[in-house]
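Trainee: Just need the whole structure built from these sequences, with the hints factored in.
These are the residues of each chain, in order.
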Amino acid sequence: MAHAGARGDSIFGGLALAATAFVLLVLAGIALSTLIGGWPAFARFGASFVARTAWDPVQRDFGALVPIYGTIVTAVLSMLLAVPIAFGIAIFLTEVAPRPLAGPISAAIELLAGIPSIIYGMWGLFVFVPFMADWVDPWLAASLGRLPVLGALFSGPPLGLGMLTAGIILGVMVVPFVAAVMRDVFTLVPSALRESAFALGATRWEVVWHVVLPYTRTAVVGGIFLGLGRALGETMAVTFVLGNAHDFNLSLLAPSTSIAAAIANEFTEADSATYLSALIALGFILFVVTFIVLVFAKLLLLRLARQAGR
Amino acid sequence: MSAPRPLLRGRRKAVNALALGLASLATLLGLVVLVWILGTTLIHGAAALGPHLITQMTPPPGAAGGLANAIFGSTMLVLVAVLVGAPIGVLAGTHLAEYGRARPFAELVRFVNDILLSAPSVVIGLFVYQIVVRPSGHFSGWAGAVALGFILLPVVVRTTDETMRLVPISLREATLALGAPKWRMITQVIYPAARVGILTGLLLGIARISGETAPLLFTALNNQYWSMDLGHPLANVPVVIFQFALSPYDSWHSLAWAGALLLTVFVLVVSVLARTLLRGRTN
Chain A
1 MAHAGARGDS
11 IFGGLALAAT
21 AFVLLVLAGI
31 ALSTLIGGWP
41 AFARFGASFV
51 ARTAWDPVQR
61 DFGALVPIYG
71 TIVTAVLSML
81 LAVPIAFGIA
91 IFLTEVAPRP
101 LAGPISAAIE
111 LLAGIPSIIY
121 GMWGLFVFVP
131 FMADWVDPWL
141 AASLGRLPVL
151 GALFSGPPLG
161 LGMLTAGIIL
171 GVMVVPFVAA
181 VMRDVFTLVP
191 SALRESAFAL
201 GATRWEVVWH
211 VVLPYTRTAV
221 VGGIFLGLGR
231 ALGETMAVTF
241 VLGNAHDFNL
251 SLLAPSTSIA
261 AAIANEFTEA
271 DSATYLSALI
281 ALGFILFVVT
291 FIVLVFAKLL
301 LLRLARQAGR
Chain B
1 MSAPRPLLRG
11 RRKAVNALAL
21 GLASLATLLG
31 LVVLVWILGT
41 TLIHGAAALG
51 PHLITQMTPP
61 PGAAGGLANA
71 IFGSTMLVLV
81 AVLVGAPIGV
91 LAGTHLAEYG
101 RARPFAELVR
111 FVNDILLSAP
121 SVVIGLFVYQ
131 IVVRPSGHFS
141 GWAGAVALGF
151 ILLPVVVRTT
161 DETMRLVPIS
171 LREATLALGA
181 PKWRMITQVI
191 YPAARVGILT
201 GLLLGIARIS
211 GETAPLLFTA
221 LNNQYWSMDL
231 GHPLANVPVV
241 IFQFALSPYD
251 SWHSLAWAGA
261 LLLTVFVLVV
271 SVLARTLLRG
281 RTN
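First to last, the sequence lines map onto chains A and B.
Sequential numbering from 1 applies to the first sequence in our numbering.
Sequential numbering from 1 applies to the second sequence in our numbering.
Hint data in this document are derived by calculation from the structure and do not stem from the laboratory.
Just so it is clear, CB atoms sit at the ideal spot from N, CA and C, and this is done for glycine as well.
A few chain A residues that face chain B, going by a derived Cβ cut-off under 8 Å, partial list only:
{"id": "1", "residue": "Ala19"}
{"id": "2", "residue": "Thr235"}
{"id": "3", "residue": "Leu286"}
In silico negatives: residues of chain A with every beta carbon more than 10 Å from chain B:
{"id": "4", "residue": "Gln59"}
{"id": "5", "residue": "Leu65"}
{"id": "6", "residue": "Leu80"}
{"id": "7", "residue": "Trp135"}
{"id": "8", "residue": "Ala141"}
{"id": "9", "residue": "Ser155"}
{"id": "10", "residue": "Tyr215"}
{"id": "11", "residue": "His246"}
{"id": "12", "residue": "Leu300"}
Output of the computed footprint for chain B on chain A, the stretches with three or more beta carbons under 8 Å from beta carbons of chain B:
{"id": "13", "region": "10-17"}
{"id": "14", "region": "27-38"}
{"id": "15", "region": "90-104"}
{"id": "16", "region": "113-120"}
{"id": "17", "region": "218-232"}
{"id": "18", "region": "256-264"}
{"id": "19", "region": "291-299"}
Mentor: Structure (structure tokens):
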């Protein structure tokens, strides 16, 4: 009887351990398989692969600079938009909204996070791109586009496609993630701290700015980096609205591409081993960059969790 | 000390009102975008709804048709992904909660699992392309299901781990005191106690993978015809939406909107269901 129990225990425990090790294996597998798949491209073009703008399937000459640039610019634009809005939403939910209202609004914002990214992409292509082309782009080109240095960022025909549109849609997608992290960590602030500040006569905004934010600073930055990780790797939403152009263009209003969009658009069209390898190499670069950003984010979030646990 | 000057107090009040006003505006903006996106999908999608969606195949350009093969394909992909990913995920979560606890190995796996949770799905698609599609020589439904399974896995691991750790320690002690071996304690006491939480995790995972498109582009690809064979390219709703939306044909656009509506309604219903289950448990 006891013997059978011990046998069952070692079988069950072994299975559970194997499944756990499998999780580690998946991460290692992603890194290794994309490195191996991209190796021919890395070997052929060397380190300059990441610094060249060439993208010529006919001559089989590839460089990753344009997609890397597009990925970084769209992600940064999205964070410029998402961070203040997410901060506002988190303040509203924790400080302004009356209790019965906070729950439903919180749930609605979380619904925004649940919408599949391809729906954002379609909405972007059929609704938001025409909106940008008709209203925003011409206005930007006529105002900011005339400035001496900054103007280069806002020049070109108002197509509606491009890094600005992609950055805005990414920003909308990332808002709920960042807002949820901020809301959760804001509630971790000990009420004694908040109440002391109120007792001294501080306004709600002063409590947020001078008490809540300093206390949760590392976790807030962690949440922002979590959002950045999402924005860097997001595929469908940007593939629809970037325009898939590999020509280097400073203008945020001109068609461009990103790592994820290039892979999604061109993978099934890749007609040579070098082409395919270049796309997988892009995937490897994307994985390494998001991995670093996410590790940084998690470490910052863990710090507050530990601090609050004490 | 003198009382604060009225002017200063007025300024602080104004800053407070401005900041809170902007915060409310940000929330309003978020809700407006939510309504805008859902409203667009509903209006365009509802116009294209009809029984033909589930009776006819995806058409060639210009012809009439439906989404029957894509809906069936997506169902198969998600089903197989759950059958593959869920058991592994639950077992791994079990190890973390019951065996690993706070040991360094368990903490490392939790950390890695959280990274996987946010890892770009397009890269997971490339991974499966390398380990399944390339060795087998062709795109297939199996590869698509495996890719979705890898995306489901970390969701299940995390929720299983979290809900099992919430089960009171007294239940464990009572079971062990009766002389039950640990595996019986887990399968017959802890699993039933954590049932709702594990189910919630599964539903959240299903909501997540149902809309995934990027990883399917390099694995299941698409198939214009009815196919029940997972050994070959398999039609699925997300990839059909992607191809039809980017095409120049109006009839394809309207099918893409219909697919988008079906997908959005399914995903939102599943996530609301998951949330309701979760709330029922905490109350």
